[in-house]
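Letter by letter, the chains look like this.
There are 2 protein chains.
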Amino acid sequence: MGALGVIAGGGALPRSIAESARTAGREVFVLGLGGYAEGWIAGFPHETVALGELGKAVKALRAHHCDDVTLAGKVSRPRFAEIRLDAKAVLAAPRVIAAALKGDDALLRAVIDMFEREGLRVIGTAEAAPDLIAKAGTMGRIAPSTQARSDIAAALEIVRAMGTFDVGQAAIVCDGLPLAVEAAEGTDAMIARVASLPEQIRGTRDKPRGVLVKAPKPTQDRRTDLPVVGIETVRNAHAVFLTGLAVEAGGALIVDREAVVAEADRLGLFLQGIAN
Amino acid sequence: MGALGVIAGGGALPRSIAESARTAGREVFVLGLGGYAEGWIAGFPHETVALGELGKAVKALRAHHCDDVTLAGKVSRPRFAEIRLDAKAVLAAPRVIAAALKGDDALLRAVIDMFEREGLRVIGTAEAAPDLIAKAGTMGRIAPSTQARSDIAAALEIVRAMGTFDVGQAAIVCDGLPLAVEAAEGTDAMIARVASLPEQIRGTRDKPRGVLVKAPKPTQDRRTDLPVVGIETVRNAHAVFLTGLAVEAGGALIVDREAVVAEADRLGLFLQGIAN
Numbered sequence: 004m005g006a007l008g009v010i011a012g013g014g015a016l017p018r019s020i021a022e023s024a025r026t027a028g029r030e031v032f033v034l035g036l037g038g039y040a041e042g043w044i045a046g047f048p049h050e051t052v053a054l055g056e057l058g059k060a061v062k063a064l065r066a067h068h069c070d071d072v073t074l075a076g077k078v079s080r081p082r083f084a085e086i087r088l089d090a091k092a093v094l095a096a097p098r099v100i101a102a103a104l105k106g107d108d109a110l111l112r113a114v115i116d117m118f119e120r121e122g123l124r125v126i127g128t129a130e131a132a133p134d135l136i137a138k139a140g141t142m143g144r145i146a147p148s149t150q151a152r153s154d155i156a157a158a159l160e161i162v163r164a165m166g167t168f169d170v171g172q173a174a175i176v177c178d179g180l181p182l183a184v185e186a187a188e189g190t191d192a193m194i195a196r197v198a199s200l201p202e203q204i205r206g207t208r209d210k211p212r213g214v215l216v217k218a219p220k221p222t223q224d225r226r227t228d229l230p231v232v233g234i235e236t237v238r239n240a241h242a243v244f245l246t247g248l249a250v251e252a253g254g255a256l257i258v259d260r261e262a263v264v265a266e267a268d269r270l271g272l273f274l275q276g277i278a279n
Numbered sequence: 004m005g006a007l008g009v010i011a012g013g014g015a016l017p018r019s020i021a022e023s024a025r026t027a028g029r030e031v032f033v034l035g036l037g038g039y040a041e042g043w044i045a046g047f048p049h050e051t052v053a054l055g056e057l058g059k060a061v062k063a064l065r066a067h068h069c070d071d072v073t074l075a076g077k078v079s080r081p082r083f084a085e086i087r088l089d090a091k092a093v094l095a096a097p098r099v100i101a102a103a104l105k106g107d108d109a110l111l112r113a114v115i116d117m118f119e120r121e122g123l124r125v126i127g128t129a130e131a132a133p134d135l136i137a138k139a140g141t142m143g144r145i146a147p148s149t150q151a152r153s154d155i156a157a158a159l160e161i162v163r164a165m166g167t168f169d170v171g172q173a174a175i176v177c178d179g180l181p182l183a184v185e186a187a188e189g190t191d192a193m194i195a196r197v198a199s200l201p202e203q204i205r206g207t208r209d210k211p212r213g214v215l216v217k218a219p220k221p222t223q224d225r226r227t228d229l230p231v232v233g234i235e236t237v238r239n240a241h242a243v244f245l246t247g248l249a250v251e252a253g254g255a256l257i258v259d260r261e262a263v264v265a266e267a268d269r270l271g272l273f274l275q276g277i278a279n
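Those protein sequence lines, which keep their order, are chains P and F. Following our numbering, the numbering of the first sequence begins with 4 at its first residue and continues without gaps. Following our numbering, the numbering of the second sequence begins with 4 at its first residue and continues without gaps.
If we strip away everything but chain P, and leave its shape as in the complex, we get (with noise of 0.2 Å):
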């Protein structure tokens, strides 16, 4: 087996992959994405490029043996004007400019045909880091309790609905009450905005109510931006007064699990894993 080259935008997850992926024994390269990616980066096999230069990354790539690769971490929409493209990114431009206009899900789905027609495999984080991936079941110590089932089940169903208009990856559900649907601001100030509606309808900190749940699109390719909870959501939810968090088993991404699990213990809220 080859090694595996790590396409790595800003924020925790793509450090994660590389580390697990590490850990279990294989040989990890990482293409840092200039402006994005963190100097973590610096403590492994690694090159830098910019947005445009496909030419550079997939020459990188092919230098150091990936046979697999795989995206991760955030990177902004891009502005396209910008964008300085090398000879080969010319070539990918306009079908990469055509799906962008179509929706986050199809801008990464011509990412990835990009990268498979220069005869690199695209694997999702599933196959590069599987220790990542949320498994079925209750990972703390706290269970949820039945009304926190039937809220679980309840967003899942809007997340779910949702998701097949390239909208968000979560929804926060109250008792029955949807309280908040996730578009294009994000997970986290999502959650934040739970703590301005009339505490009638939310928890308190004298009486924690409502779950947060993430679940893949199921428009989406789940080889990149699967929903990820790390310990930043855990004291998001927290400090809004919810009881708990529940994900899609197979569906989503934990990282730092043991720490996002003690965490959750620390703070009294559940952390689920939802069978499909």
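Everything labelled a hint here was simulated from the structure, so no lab data went into it. Every residue, glycine too, gets a C-beta built ideally from N, C-alpha and C.
For lysine to aspartate or glutamate, the following EDC-like pairs were computed, each having C-alpha atoms within a straight-line distance of at most 16 Å:
(1) K91/F / D116/F
(2) K105/F / D178/P
(3) K59/F / E121/F
(4) K77/F / D191/F
(5) K105/P / D178/F
(6) K62/P / D89/P
Far from chain P by the CB rule (all over 12 Å, computed), these chain F residues:
(7) P97
(8) D134
(9) G140
Guided by the hints, dock chain F onto chain P, whose structure is given.
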């Protein structure tokens, strides 16, 4: 035809209904909900009741010969434990409380039933004040662009899909990308958060983009709680650089239409009624 009873919560809507019905030549009696209804009710034959005073409410409506009753205006979700119930309300309470646990739609349905059990006919705004209901077509001087029409269609699909879950009644889409979906926070808060999204995916002062769509939930009893557009909605949409607003014709209320259309024209926004 007897009088129209307007059971009035907060905001401008109940006043518009009462004025519209009076202008149309009908006798109007206003039953203001204490803590919610505003000073304007003094301009009408009126009485004020607290939330738990069902017996007093029914007596007042009958005394003023109200054949028809309509409910309008904002009432925050009450803490049932804090409501003092009169004798009639005690009998109705279990049903209403049970419904409240199922969501806003069920709660409203139960409140309507409560009045109908007393022999009062509960009618919607469409019947009580037909001229407030949005009609199909372009209301002001500005027509939606082709892109805006496509965004309207996408946002409408989202609102309808969400409506089956008793979530919100509004969504914002910009160039195909869903920016915000309303849940419990209300339309104004949903519009406001568009300003905090990255500039690449939304409109700017120089280049407005994106549309707001409001439409009733498919599950909704249309006799109450139709989505409302007022002058503030137009101003808020303009403040986050949207190009216009669309509502479902026959399924939304325009409060103070002349002023709303004039403001949309002045700010350069379209105001569109979507034919069903």
